[in-house]
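Enquirer: The primary structure of each chain is shown beneath.
2 protein chains.
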Amino acid sequence: MGRLAPARSVVTKPLDGEEFRAMGHQMVDFIADYFRDLETYPVQSQVQPGYLKKLLPESAPQDQDSLEDIFYDMHSKIFPGITHWQSPSFFAYYPSQTSTASILGEMLSASLSVVGFSWITSPAATELEIIVMDWLAKMLQLPSEFLSTGNGGGVIQGTACEAILVVMLAARKRAIARAAAEQGISEAEALGKLTVYTSDQAHACVNKASQLAGIATKNLRLIHADASTNYAVCADKVAKCVAADKAAGLIPFFLVGVIGTTSSAAVDPLSDLGDIAQEHSLWYHIDGAYAGNVCICPEYRPLLNGVEKADSFDMNLHKWFLTNFDCSCLWVKDRSPLLAALTTNPEYLRNKQSEANAVVDFKDWQIPLSRRFRALKLWMVLRMHGSDFLQTYLRSHCEQAKHFETLVRADSRFELMSQRIFSLVCFRVKPAAGDKDNGYTLNKKLVEALNTGGDIMLTHTTLEGVYTIRFAIGAARTEMRHIVAAWKEIQRQTSKLLKC
Amino acid sequence: MGRLAPARSVVTKPLDGEEFRAMGHQMVDFIADYFRDLETYPVQSQVQPGYLKKLLPESAPQDQDSLEDIFYDMHSKIFPGITHWQSPSFFAYYPSQTSTASILGEMLSASLSVVGFSWITSPAATELEIIVMDWLAKMLQLPSEFLSTGNGGGVIQGTACEAILVVMLAARKRAIARAAAEQGISEAEALGKLTVYTSDQAHACVNKASQLAGIATKNLRLIHADASTNYAVCADKVAKCVAADKAAGLIPFFLVGVIGTTSSAAVDPLSDLGDIAQEHSLWYHIDGAYAGNVCICPEYRPLLNGVEKADSFDMNLHKWFLTNFDCSCLWVKDRSPLLAALTTNPEYLRNKQSEANAVVDFKDWQIPLSRRFRALKLWMVLRMHGSDFLQTYLRSHCEQAKHFETLVRADSRFELMSQRIFSLVCFRVKPAAGDKDNGYTLNKKLVEALNTGGDIMLTHTTLEGVYTIRFAIGAARTEMRHIVAAWKEIQRQTSKLLKC
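Top line first, the protein sequences correspond to chains A and B. With my numbering, the residue at position 351 of the first sequence is 351, and numbering never jumps. To get my numbering, take the position in the second sequence, counting from 1, and add 1000.
Please keep in mind that the hints were generated in silico from the structure rather than gathered at the bench. Every residue gets a Cβ at the ideal spot worked out from N, C-alpha and C, and that includes glycine. A portion of the hints provided could be inaccurate.
[To be verified] Covered by chain B, according to a simulated footprint, are these stretches of chain A (three or more residues, beta-carbon under 8 Å): (1) 150 to 162; (2) 239 to 248; (3) 352 to 359; (4) 430 to 443.
[Said to hold, decoys possible] Label-pair ranges, simulated between beta-carbon atoms: (5) A:G465 - B:H1075: 33 to 39 Å; (6) A:A340 - B:T1149: 42 to 48 Å; (7) A:A433 - B:S1186: 49 to 55 Å; (8) A:Q48 - B:Q1278: 19 to 25 Å; (9) A:P346 - B:P1302: 27 to 33 Å; (10) B:H1025 - A:R409: 53 to 59 Å; (11) B:N1305 - A:K240: 56 to 62 Å; (12) A:G465 - B:N1305: 40 to 46 Å; (13) A:P298 - B:H1025: 33 to 39 Å; (14) A:R492 - B:H1075: 24 to 30 Å; (15) B:Q1419 - A:P346: 51 to 57 Å; (16) B:T1149 - A:S336: 36 to 42 Å.
[Said to hold, decoys possible] DMTMM-like mimics (lysine to aspartate or glutamate), calculated; alpha carbons at most 25 Å apart, straight line: (17) A:K445 - B:D1245; (18) A:K309 - A:D272; (19) A:K138 - B:E1355; (20) B:K1352 - A:E347; (21) B:K1436 - A:D272; (22) A:K138 - B:E1058; (23) B:K1444 - A:E347; (24) B:K1218 - A:D272; (25) B:K1430 - B:E1415; (26) A:K53 - B:D1334.
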């Protein structure tokens, strides 16, 4: 008796229900096994640059390969190059979550594969997005102006970077028109005078959006925030800077306040910043990419006070809301400046419902024309978990961070580098007296040792020039035991280093 | 004996392997049933604006719902609002394809949920993207400069809109620096003088990108193309326009040539445009969003000649390559202007491999920071089909279009509105002699009757002001029998209309 030929699942038609059924089941098992075995992989990939080129052919295959071939290559070639963001011991950057509900939503969305640029191209895609964005706005207790029932509304963007860019473009158009009307200056001249304000702790995307929007590099004000305010920007400094720019003939037009800065999750004085924005007619955007999410918990909601003075607010559900990347939720209080800046209306997209102004066409709320049906996964996440569970879930990460903080405090070799507010802890190993680089080499070595160890992954930042380790909690599967184990590993590697 | 309680699949942990396994299988069956029943749905959704708000609650649920609840609502509430882009009788816009291979890829990508902004955040995501983009470049016979082994390389963007925007921003920075060096003018002054060139048949995204990039509206040259060139732009007109602008002290900097325009799939004289670009040092971008794909077939490749003179080339695999949205493939000949315009390097993202310049960080090739692992689905599409099948597949749609064209020609009530090159046929019902609006009302009514009939879906454009029906072939499941049936339905509805 000969050997059994290996199973070969091959596509014979590009989109056949029964072929999809068979291979879809195989893929589900493959993924479920991955989740089962997740903790056996090193969190950070340990490969060297260029590793994959050596493993794959120079050209695409002429003939077809089977799903089994692909699974084999996934395990042997791709997985070694994967950094496992879903590992419960992933503490780097900010998290990028996924969940059963969200993956199911993505499966459905990829299968329907509708492109919802205009309402007519799939009414459910637009309408469900409006509905779930209103749901979420209510969970966050956003002022009613941000709901679709007022002049504003919510829209799903890919990232917080895109969200900031689209509102900056809307603000730019408004500011240039105003300058033309009030000062009679040209578009180009006005653009050269526009100034942007945010903290030097804000995400680099404010910088990038300003560059892309054509704001002169010298007109971006990154106002220094330091430990005296726990890295929140000082509203007085912002006010003085705006006033000085105005006096110098510049045109202040855009202010970003942050709830949960990138380095240390600081919270800017959102309400005070709102006052400045109102006094000087600036567009006021609040970036809550990471920490905005937790404001669905009533005890955290006061931190978002001031949002009622904002023109726009954004948060990334993919960071902390069990909804996989990409899903960045942007609300605006008034949608008309957005539409004025971003609307196109070519003949080939015209249709009765849009012409009658009876519908929302989300193409005019974003940079690209086309868009995926992302509301589907958000709807599934909200329904399959419910708001009570989501609150409990978000709190659990903050509790874990609180415990981690206690552990750091209890070991005198370490120090905390900022006051923790959410699920991020900033700390470092204290340098020895007279350490020539103030702990830079020591802590950098520690991070490298931890990441190449493979048990956990974390990353660093600098706070006032000092190398600082970030411990960002928020993977969907992280439990208290992973925090405890991570701390033990940090202690172990530190002991090893300090003995060198 | 009491009734059996209905099955309730609920999530108890957000990301559990066994829960995912069970519900993933349920979802696969749900999707497979959808594909099985696809032809029973009306292609275009027939709902009225606001229909869904009446069906869903005002707020998110506090408690969790089961997957069965969601499936029930999908069928009863969401599906009526879906326009079925995967229907074999979807002939509207340009197609947005998906396939078994691509959905499997999306499932895996959503599950790994890695965010590949820097190489280190998941080396395989970056390296596989480089490899498959090189594979694809070879299938297209792009010049070797566009490969990663030279100074250029490929990168996956979300859409052709984003692709045009990023290269325009790169070109803008280069042009402004050049103007400063050669003419000693300021950034703002230079920006005010920059001019962009393309055909009035190009996609509206050139217009939008120009607006976003801060190019003055009056400095966008949409050069008229008409039936005399089958709606390809005339290179002489472009050359004259560039020369006139230069003489007037403006700064021409960006030219877009199109293979497969939006309205009628016209092909610009790409090589002649390339000469103009080289003579005047313009950034030359070729937009092959739809028709670029078919250039993997040797018999269509000559249409892309001239690409060797381009700075960048882009095509949307989601339009015609069995890869679901979003997957727009952009190649540049020289990556340095892109990096100069889009690079950010905040402390919290610094890492050894990036600092050593040993790796590619795709965050600096795009607008947002974060990015999905889209190369996975492309890799799976290429492998599970192989290049031979993909060529056959693309040709089949062109053959179908050719047959449709024959059918149109054979019925004297109709006329073709442009010469067909790919899988799009432009036609209309001939108006009666003396028709006061030159067939506008008649043909518009026909499109509406067809779309509300539900058997097929198509859309319109105008060509030189004349209302034109577009029949765009390219759904993954479309076969010759669907073309024949669609034509019968068009004839039936036309007979009905003409008898009124």
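Enquirer: Looking back at the hints listed earlier, which ones does the structure fail to meet?
Expert: 2, 4, 5, 8, 10, 12, 14, 15, 16, 17, 19, 20, 21, 24
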